[in-house]
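Those sequence lines, one after another, are chains B and C. One point on numbering: in the numbering used here, the residue at position 233 of the first sequence is 233, and numbering is uninterrupted. One point on numbering: in the numbering used here, the residue at position 231 of the second sequence is 231, and numbering is uninterrupted.
Just so you know, the hints here were simulated from the structure itself, not pulled from any lab data. Hints should not be assumed to be uniformly reliable.
It does not matter which identical chain is meant; a pair holds if it fits inside one copy or across any two.
Said to hold, decoys possible - In silico BS3-like pairs for lysine-lysine, Cα to Cα no more than 30 Å straight-line:
{"no.": "1", "residue 1": "LYS348", "residue 2": "LYS292"}
{"no.": "2", "residue 1": "LYS11", "residue 2": "LYS210"}
{"no.": "3", "residue 1": "LYS14", "residue 2": "LYS267"}
{"no.": "4", "residue 1": "LYS107", "residue 2": "LYS348"}
{"no.": "5", "residue 1": "LYS416", "residue 2": "LYS281"}
{"no.": "6", "residue 1": "LYS107", "residue 2": "LYS275"}
{"no.": "7", "residue 1": "LYS55", "residue 2": "LYS73"}
{"no.": "8", "residue 1": "LYS11", "residue 2": "LYS301"}
{"no.": "9", "residue 1": "LYS416", "residue 2": "LYS107"}
{"no.": "10", "residue 1": "LYS14", "residue 2": "LYS164"}
{"no.": "11", "residue 1": "LYS267", "residue 2": "LYS348"}
{"no.": "12", "residue 1": "LYS14", "residue 2": "LYS292"}
{"no.": "13", "residue 1": "LYS348", "residue 2": "LYS14"}
{"no.": "14", "residue 1": "LYS210", "residue 2": "LYS192"}
{"no.": "15", "residue 1": "LYS281", "residue 2": "LYS292"}
{"no.": "16", "residue 1": "LYS348", "residue 2": "LYS416"}
{"no.": "17", "residue 1": "LYS416", "residue 2": "LYS283"}
{"no.": "18", "residue 1": "LYS416", "residue 2": "LYS192"}
The lines below spell out each chain.
2 protein chains.
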Amino acid sequence: MSTNLVEMGQKAVKAKYELQGLTTAVKNNALIVCANALIESTDEILLANQQDIDKGISAGMHPGLVDRLRLTKDRIEAMAEGLRQIVELEDPIGQIMDTFERPNGLKISQIRVPLGVIGIIYESRPNVTADAFGLCFKTGNAVILKGGSDAISSNICIANVLRKALFSQGITADAIQMIADTDRAVTNEFMKLNQYVDVLIPRGGAGLIKSVVENSTIPVIETGTGNCHIYVDEFADLNLAVQIIFNAKTQRIGVCNACESLVVHEKILQDFLPKLETALKEKQVQLRADTKAFSCLEDVKEATEEDFGTEYLDYILSIKTVANIQEAIEHINTYNTKHSEAIITSSKENADLFLQCVDAACVYVNASTRFTDGFEFGFGAEIGISTQKLHARGPMGLRELTSYKYTIVGEGQIRK
Amino acid sequence: MSTNLVEMGQKAVKAKYELQGLTTAVKNNALIVCANALIESTDEILLANQQDIDKGISAGMHPGLVDRLRLTKDRIEAMAEGLRQIVELEDPIGQIMDTFERPNGLKISQIRVPLGVIGIIYESRPNVTADAFGLCFKTGNAVILKGGSDAISSNICIANVLRKALFSQGITADAIQMIADTDRAVTNEFMKLNQYVDVLIPRGGAGLIKSVVENSTIPVIETGTGNCHIYVDEFADLNLAVQIIFNAKTQRIGVCNACESLVVHEKILQDFLPKLETALKEKQVQLRADTKAFSCLEDVKEATEEDFGTEYLDYILSIKTVANIQEAIEHINTYNTKHSEAIITSSKENADLFLQCVDAACVYVNASTRFTDGFEFGFGAEIGISTQKLHARGPMGLRELTSYKYTIVGEGQIRK
Numbered sequence: 001m002s003t004n005l006v007e008m009g010q011k012a013v014k015a016k017y018e019l020q021g022l023t024t025a026v027k028n029n030a031l032i033v034c035a036n037a038l039i040e041s042t043d044e045i046l047l048a049n050q051q052d053i054d055k056g057i058s059a060g061m062h063p064g065l066v067d068r069l070r071l072t073k074d075r076i077e078a079m080a081e082g083l084r085q086i087v088e089l090e091d092p093i094g095q096i097m098d099t100f101e102r103p104n105g106l107k108i109s110q111i112r113v114p115l116g117v118i119g120i121i122y123e124s125r126p127n128v129t130a131d132a133f134g135l136c137f138k139t140g141n142a143v144i145l146k147g148g149s150d151a152i153s154s155n156i157c158i159a160n161v162l163r164k165a166l167f168s169q170g171i172t173a174d175a176i177q178m179i180a181d182t183d184r185a186v187t188n189e190f191m192k193l194n195q196y197v198d199v200l201i202p203r204g205g206a207g208l209i210k211s212v213v214e215n216s217t218i219p220v221i222e223t224g225t226g227n228c229h230i231y232v233d234e235f236a237d238l239n240l241a242v243q244i245i246f247n248a249k250t251q252r253i254g255v256c257n258a259c260e261s262l263v264v265h266e267k268i269l270q271d272f273l274p275k276l277e278t279a280l281k282e283k284q285v286q287l288r289a290d291t292k293a294f295s296c297l298e299d300v301k302e303a304t305e306e307d308f309g310t311e312y313l314d315y316i317l318s319i320k321t322v323a324n325i326q327e328a329i330e331h332i333n334t335y336n337t338k339h340s341e342a343i344i345t346s347s348k349e350n351a352d353l354f355l356q357c358v359d360a361a362c363v364y365v366n367a368s369t370r371f372t373d374g375f376e377f378g379f380g381a382e383i384g385i386s387t388q389k390l391h392a393r394g395p396m397g398l399r400e401l402t403s404y405k406y407t408i409v410g411e412g413q414i415r416k
Numbered sequence: 001m002s003t004n005l006v007e008m009g010q011k012a013v014k015a016k017y018e019l020q021g022l023t024t025a026v027k028n029n030a031l032i033v034c035a036n037a038l039i040e041s042t043d044e045i046l047l048a049n050q051q052d053i054d055k056g057i058s059a060g061m062h063p064g065l066v067d068r069l070r071l072t073k074d075r076i077e078a079m080a081e082g083l084r085q086i087v088e089l090e091d092p093i094g095q096i097m098d099t100f101e102r103p104n105g106l107k108i109s110q111i112r113v114p115l116g117v118i119g120i121i122y123e124s125r126p127n128v129t130a131d132a133f134g135l136c137f138k139t140g141n142a143v144i145l146k147g148g149s150d151a152i153s154s155n156i157c158i159a160n161v162l163r164k165a166l167f168s169q170g171i172t173a174d175a176i177q178m179i180a181d182t183d184r185a186v187t188n189e190f191m192k193l194n195q196y197v198d199v200l201i202p203r204g205g206a207g208l209i210k211s212v213v214e215n216s217t218i219p220v221i222e223t224g225t226g227n228c229h230i231y232v233d234e235f236a237d238l239n240l241a242v243q244i245i246f247n248a249k250t251q252r253i254g255v256c257n258a259c260e261s262l263v264v265h266e267k268i269l270q271d272f273l274p275k276l277e278t279a280l281k282e283k284q285v286q287l288r289a290d291t292k293a294f295s296c297l298e299d300v301k302e303a304t305e306e307d308f309g310t311e312y313l314d315y316i317l318s319i320k321t322v323a324n325i326q327e328a329i330e331h332i333n334t335y336n337t338k339h340s341e342a343i344i345t346s347s348k349e350n351a352d353l354f355l356q357c358v359d360a361a362c363v364y365v366n367a368s369t370r371f372t373d374g375f376e377f378g379f380g381a382e383i384g385i386s387t388q389k390l391h392a393r394g395p396m397g398l399r400e401l402t403s404y405k406y407t408i409v410g411e412g413q414i415r416k
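With the rest of the complex left out, here is chain B (with noise of 0.2 Å):
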C-alpha cells in the first residue's frame, strides 16, 4: 500500500470527525463560498483544462470525447450553480428516522448520520468533481475523489479551488482529496483501503464497474448499466407505445436509462412494428429483430442471443417476440441489468402484475424509461443510479449518501 493513500485516508477520517457536527448552515454557506470560488478562479480552471485537451488532441483523442473534456466559462458557471442548487435541498442529517421506548425504560432513536469516508472512482466530465463533492459535503460525508487521466489536470485544479475556499470558512480542506496519480495500479490499490474509507462508488462504464465490483474490499454501491426493455402487451395503446419507444429509445442514447430492447407480444406484431418503424426510421435506429418479428419488418437485422444482453448505447434496438405476458416477464428478468423496464398497457391487470414481478430498480407503466433520474424523480440531486439491491436502488439523491446509527438512553439499565 502506497503512504500517500493510506495519509490520505487517514486524513479523510479525520476531516469525517470534523464534517459530522457542522452545521447545516455553516455547510451551505461554505458551498457558496465553494461556488464564488469556482467563478473567481475561471481563468485558472480554464488554463488547467487546456492542458488536458492538448494533451488529448496530440494522443488523437476522438473530437466528441475532447468535447466532452472541454470546460468554457458557461460550464464552470454551471458547475458552480450546481453547487448553489444544493444548498437549497433539505440536510438528511440528524433527521431521527424513528424512536420508540422498550418495556425497560430504555429510549431508543433511529438517527440520520453520514456514511463517513466516500470513495469515488470516475471517468466522466471534470465537473463530476465540483458535483460528486457538493453532494458529500451537504451530506457531512469527506471525499476521497479518483477521476479519469485524461481530465487530470483539470480535476486537481477545481478541487485545490474548493480545498482553499473551505479552508478560508475555517473547514477542514480535507473534505475533498484528489488522487492525483493515474496510474491503474494506485486505483487498486485505493479499492483496498477500507480501513478508511466507508463507501465506494463507481461512475462510469461498464469496464469500470466491473472491476470495482471484482477488486475493492470496501463496500461497494454497484451503479449504472441498464439494459432496459419496454414489453408492449396485446392490449397496448399503439400509437402511445410507438412515442414512448421513439422517446426512450432516441432522446438521448448513450445514458443508461436509454431502451436497448423491445419484448412485443406476438397478438400485435402486425399492426405494431409496421407502424413502429416508420417512426424510427427518422433516426436511422437499426432493428435486430428475432424470426417471428422479422417477418413484419422491412429493414432489419436478425437478433443473436448476444443481442438480447447488450446494452448498445446506440441508435439500435433488439426486438423479442412472446406469447404471452409471463414469457415477456421471464425474459425480462433473465436478460436485464436490474435498471428500468417499461410496460405499454391499458389493462390494469397485466400492468399490475409486471409491476410486481419484473425484478429491477425502476418499474414503469406507460411511460419511458428515461425517467429514471434524481431530479426527474424530484430528489433535486443525484450521485448515480443504484443497480444493485443493497442500500440504495434506482436514484441516489442526498438521502442515499447517509447510513444511521441507533441512540440509546437509559437510567442504568442491565441485562438479565
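With chain B held as given, fit chain C onto it using these hints.
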C-alpha cells in the same frame, strides 16, 4: 467455478421469483409446517447430529465446542419455536415506504421487496440453519447456506427436513439450499457467485468475516466483531457505573456486545477504580491498565497498545485514562469496531456530545452495551448485528433483509 454451485445459484434465482409472489398467509402456514416437521424429525436430526459429535470427539474437539454442537430434544423444540415466533412478526414485503406524484403526473411509489438470494456463511451451532431460513423465507428471499464442517451432517439433515416440508406445501424446496461440500475452496467460489447471489452475510469469528470481506465479489453485510467501550465520565454516578460495567463485562463474555475496554476520566480514577476492582473480583476479571489507572488498582497488568485494539471475548478488561471527554471520544473512535459504545454520566451536555460524536452502530447513555440485540430492540428476530454503514447498521431484523423498488405509473409521459 464448480458446476454444482452455478446450478445452486440458478435454482435460487428461480426460487426467488416464486417466493417474492407468496402471500403472508402462505408463508406463515409454511413456516408452521416447517416447525412441525422439525419436531416430527427429531430422531432423524439427533442421529445426524450424533455423527457430527462422534467426529468431533474423535478429532479431540474441546468439550465446550462439543456442547455447542450437540442438539437435544429441547434444542430442536427451541428451533421449531423460533420458526413459530417468526410467524407472529409483521411481514415487511409489499409495504409502501413512500408515494408521491410528480408535476408531469407520474405516480411514483417506493415498495419494499425481498433482497432476492441471500448467502449466509456461518460457523455457529446447527440451530442457525433453521433460524436463518425462517427469517429469509418470511421476507421472500431464497437462501443458500454454507455451514461449518463440524456440523455438516446436522445442517444437511435440518435443511432436508425443511425442504421436504416446503415441497409438501407446493412451495419450491430451493427456498433453502445447503452447500454440502465443506472444502474451503468451495467457500471461496461461493463468494464469487455475484451473478446469482444478491447479498452475502457472514456469521462467525473475526477470521471468517475478514476472509469474506476480502474475497467476496457479492455485496457483503459485515457483522459481528465488537470491541465495545464504556466511558466513565467525571460526572458519573459511580455505583451505577460499577453495576453497568459488571453487567456488560461479565453477564456473557463470548458475545460481540460485551464490554472489552473501559475509558475513565482522570478526576475519578482514585474513587472509582477500587470500587470496580472489588466488584469484578467476584468474576475474577483480569484488569490491564495504562500507567495512571495502574496505580489505583491492586491486582493489575500493564496494558499494551495491542490491548486497546483487542476484542477479548474473555474475563479481561483494558483500562484507559483520559483528561476529558474529547480524549475519550477520540480514543473510542480510534480503537472501536463501530459496534456499541456507552457513556456513564449525569451531565446532559456530555451525554449529547458522546451520542453525536462517537461513531458506532449503537451509542448508549447510562445503560449496558449488552442491549445491542434484535430481540432487546423489539425487532422480534435477528439475523446479525451489522458493523458497516451501508444498508443496515446495528441489529438486523426482518426489515433489514429487504430492498425496495420504485414503481412508476404514467399515461404516456415522455422525457422532454
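So, going through the hints one by one against the coordinates:
1. Taking the shortest Cα distances, LYS348 and LYS292 sit within 30 Å of each other inside one copy (27 Å), while across copies they are farther apart (73 Å).
2. For the identical chains of this complex, LYS11 and LYS210 are neighbours both inside a copy (28 Å) and across copies (24 Å), given an alpha-carbon limit of 30 Å.
3. For a Cα distance limit of 30 Å, the shortest separation of LYS14 from LYS267 across copies, 27 Å, qualifies, whereas the shortest one inside one copy, 63 Å, does not.
4. In this assembly of identical chains, the alpha carbons of LYS107 and LYS348 lie at most 30 Å apart only when taken from different copies (15 Å versus 45 Å within one copy).
5. For a Cα distance limit of 30 Å, the shortest separation of LYS416 from LYS281 across copies, 20 Å, qualifies, whereas the shortest one inside one copy, 74 Å, does not.
6. Taking the closest pair of Cα atoms, LYS107 and LYS275 come within 30 Å of each other only across two copies (28 Å); inside a single copy the shortest separation is 63 Å, beyond that limit.
7. For a Cα distance limit of 30 Å, the shortest separation of LYS55 from LYS73 inside one copy, 20 Å, qualifies, whereas the shortest one across copies, 75 Å, does not.
8. For the homomeric pair LYS11 and LYS301, neither the shortest alpha-carbon distance inside one copy (56 Å) nor that between copies (34 Å) is at most 30 Å.
9. Proximity of LYS416 to LYS107 under the C-alpha cut-off of 30 Å is restricted to the intra-copy arrangement: shortest distance 18 Å within a copy versus 49 Å between copies.
10. For the homomeric pair LYS14 and LYS164, the shortest alpha-carbon distance inside one copy (18 Å) is at most 30 Å, but the shortest distance between copies (54 Å) is not.
11. Taking the closest pair of Cα atoms, LYS267 and LYS348 come within 30 Å of each other only inside a single copy of the chain (18 Å); across copies the shortest separation is 71 Å, beyond that limit.
12. Taking the shortest alpha-carbon separations for LYS14 and LYS292, only the inter-copy value of 27 Å comes in at or below 30 Å, while the best intra-copy value is 62 Å.
13. Taking the shortest Cα distances, LYS348 and LYS14 sit within 30 Å of each other only across copies (26 Å), while inside one copy they are farther apart (54 Å).
14. In the homo-oligomer, the alpha carbons of LYS210 and LYS192 lie at most 30 Å apart both inside one protomer (15 Å) and across protomers (13 Å), since each shortest distance falls under that limit.
15. Only within a single protomer do LYS281 and LYS292 lie at most 30 Å apart by alpha-carbon distance; the minimum there is 20 Å, versus 82 Å between protomers.
16. Taking the closest pair of Cα atoms, LYS348 and LYS416 come within 30 Å of each other only across two copies (26 Å); inside a single copy the shortest separation is 54 Å, beyond that limit.
17. Taking the shortest Cα distances, LYS416 and LYS283 sit within 30 Å of each other only across copies (16 Å), while inside one copy they are farther apart (72 Å).
18. For the identical chains of this complex, LYS416 and LYS192 are neighbours neither inside a copy (41 Å) nor across copies (42 Å), given an alpha-carbon limit of 30 Å.
The structure fails to meet hints 8 and 18 from the earlier list, while all remaining hints are met.
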